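Using the sequences provided together with the hints, build the complete structure.
Heads up: the sequence lines are chains A and B, in that order.
Residues 0 to 304 (numbering that gives the first Met the number 0) make up the first sequence, in order.
Residues 0 to 280 (numbering that gives the first Met the number 0) make up the second sequence, in order.
Since the hints were derived computationally from the structure, they do not count as laboratory data.
A couple of the hints might just be wrong.
[Stated by the list, open to error] With a straight-line cut-off of 35 Å between C-alpha atoms, the simulated DSBU-like cross-links for lysine-lysine are:
no. : chain 1 : residue 1 : chain 2 : residue 2
1   : B       : Lys166    : A       : Lys299
2   : A       : Lys197    : A       : Lys116
3   : B       : Lys105    : A       : Lys299
4   : A       : Lys227    : B       : Lys6
5   : A       : Lys217    : B       : Lys5
6   : B       : Lys74     : B       : Lys54
7   : B       : Lys10     : A       : Lys113
8   : A       : Lys197    : B       : Lys196
9   : B       : Lys166    : B       : Lys105
10  : B       : Lys44     : B       : Lys74
11  : B       : Lys196    : A       : Lys114
12  : B       : Lys5      : A       : Lys227
13  : A       : Lys299    : B       : Lys196
14  : B       : Lys166    : A       : Lys300
15  : A       : Lys217    : B       : Lys6
16  : A       : Lys24     : B       : Lys166
17  : A       : Lys299    : A       : Lys217
Source: prediction; values computed, not measured.
Each chain is listed here by its residues.
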Amino acid sequence: MEWLLSKIQGEKSHRFLLTYEQQKKWLGFLFSVPALVLLFTFLILPVGLAFVYSFMEYNMLNPQGKTFTGFNNYARLFNDAIFFTALKNTLYFTVLVVPLQCAVALGLAILVNKKVKTAVIGRVFFFSPVVTSMVVVAILWTFLYNVDSGLINSALNFFGIPDQPFLLSEGQAMNSIIFMSVWQGAGFQMMIFLAGLKEVPETLYEAADIDGANVWQKFLNVTLPSLKNVTGFVLMITTIQAFRLFVQPYIMTNGGPSDSTKTLVFMLYENGFQFRDVGYSSAIAVVFFLVVLSISLILKKVLNQ
Amino acid sequence: MSVSWKKRVNKIGISIVIVLLGLLFISPLLWMVVASIKPETLIFKDMGLQSFLPKQATFDNYLAILFTDSVNFLKYLWNSLFSVGMIVLLGTIVNSLCAYALVKLKFPGSGFILVVIIALYVVPFESVLIPLYVVVNSFGWINEFPSLIVPFIAEAFSIFLFIQFFKGIPNELEEAAQIDGANPLQVFLRIVVPNSKPVFATAAILSFVTHWSDFMWPLIVATDDSIRTVQVGIQYLFTDNNIEYGQIMAALTLTTIPVVLIFIFFQRYYVQGVTSSGVKG
Chain A
0 MEWLLSKIQG EKSHRFLLTY EQQKKWLGFL FSVPALVLLF TFLILPVGLA
50 FVYSFMEYNM LNPQGKTFTG FNNYARLFND AIFFTALKNT LYFTVLVVPL
100 QCAVALGLAI LVNKKVKTAV IGRVFFFSPV VTSMVVVAIL WTFLYNVDSG
150 LINSALNFFG IPDQPFLLSE GQAMNSIIFM SVWQGAGFQM MIFLAGLKEV
200 PETLYEAADI DGANVWQKFL NVTLPSLKNV TGFVLMITTI QAFRLFVQPY
250 IMTNGGPSDS TKTLVFMLYE NGFQFRDVGY SSAIAVVFFL VVLSISLILK
300 KVLNQ
Chain B
0 MSVSWKKRVN KIGISIVIVL LGLLFISPLL WMVVASIKPE TLIFKDMGLQ
50 SFLPKQATFD NYLAILFTDS VNFLKYLWNS LFSVGMIVLL GTIVNSLCAY
100 ALVKLKFPGS GFILVVIIAL YVVPFESVLI PLYVVVNSFG WINEFPSLIV
150 PFIAEAFSIF LFIQFFKGIP NELEEAAQID GANPLQVFLR IVVPNSKPVF
200 ATAAILSFVT HWSDFMWPLI VATDDSIRTV QVGIQYLFTD NNIEYGQIMA
250 ALTLTTIPVV LIFIFFQRYY VQGVTSSGVK G
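Dropping the structure here:
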């Protein structure tokens, strides 16, 4: 490296600062090359390929038979009933999980922001499902949701409620996944809300106290407005996260019963890696990407106002 | 006096609510750990509160899952530790160097590259899943370790974290080293790295936790038993009818332990990683 540098610097230059500027150019380029090459190969190129493949008939079982077929894959997609089921399921999950998870997270954050000794324990307990991987959580809750021997039904029985089918029923499977997902993820948003709450000046609450505001009024008029930016950010990441739903249905229900938990990403996976249909799967990926992108742009617009 | 008395009652009430709610929150995880040290016959026989109390504790489930010849769980754990360890090690080097170059060395074109990297952050991984598979397959990496490691070394978010931190390091420090005759690489190693330990810790931990939990990608590129990662491995055990429930619980617990250890020992940096993106951005 030293040798290379002396070459770059050249023998004629004696003014050190100038050569350091030259070094900056060369080494700056050199230092960023590994990351840029990797990002290009494994992210930028695949994004481009997804678009290209989406206009192709391309099956991994027959890689020689690649042909451009225009909008065929998209036409097929918009005539595929499963696509609309998957889209509906994904939207249903998102619309329920986002407000629920954010509300629970905000409630927990306010609770553990109180100056009591158990607040630290609370933070650790509420956050612990987040550090547990989704695969572990999904397997664990499949046992908990078990109809005959699951802990949840035995708890419900205790309160006189009869056994519920949970994951085995078309009507309850997605709701069961939603409940579990809120439990698993709320601690994450709680931490972000908590950081936001710490920034709210104490004087605002004191002023509200002087005005005789009650707990609810303080929440509405001090806490919520102060958390506006944080809430916007949390809503955004939770929405995008929700759209990516895959692990839970894959492990707990395999998309069933009768496609009631089949999501966009599940469909993408199924077509890509079970049917090996790269073209069709890429079309799903492009639609998925555009939906996520437009939702984040819309959310950004709405939240900025 | 009555006001402060009321405050104390309030505080005690809140403390109790936090503890009860907290216990309810971790009860599924508690049940998992307790079931893992129970004899098989008792796991679903014990109901209600009893299911949280191991009257007979045994480590047989752990011994079975780790040391039975037909189950390769120990191998899965190692595969995950190795591949995630490599991602963390190589990723921190590559991403921090790139961030340093973009922020402090400002070569021609660095501004444009910065914009591209930030834009890449919005691409959801799922939308490149299939073409990424095609690319990795064309390198002949399916069922080889590079498929689990190389695509995840460079990470837009990690570069972004480093950039935010490096911006805060005063240029005077670097200039002083320059005058002493240091070149940009020496400035990076002697000035920037020692002054940026927190962001290195945050980036490394975040990367470890994220990739330790990865499921979808290993599911498709690591189908061979010899390279299978722990998350795919437990899913595989879960669907295997010959494995007892207690052993699955032991496997789930073992899968969670590395991340829990990191969380306990590096809590500050981890939480910083979770929140830094949110509050500042």
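Query - In rising order, the numbers of the hints this structure does not comply with - result: none
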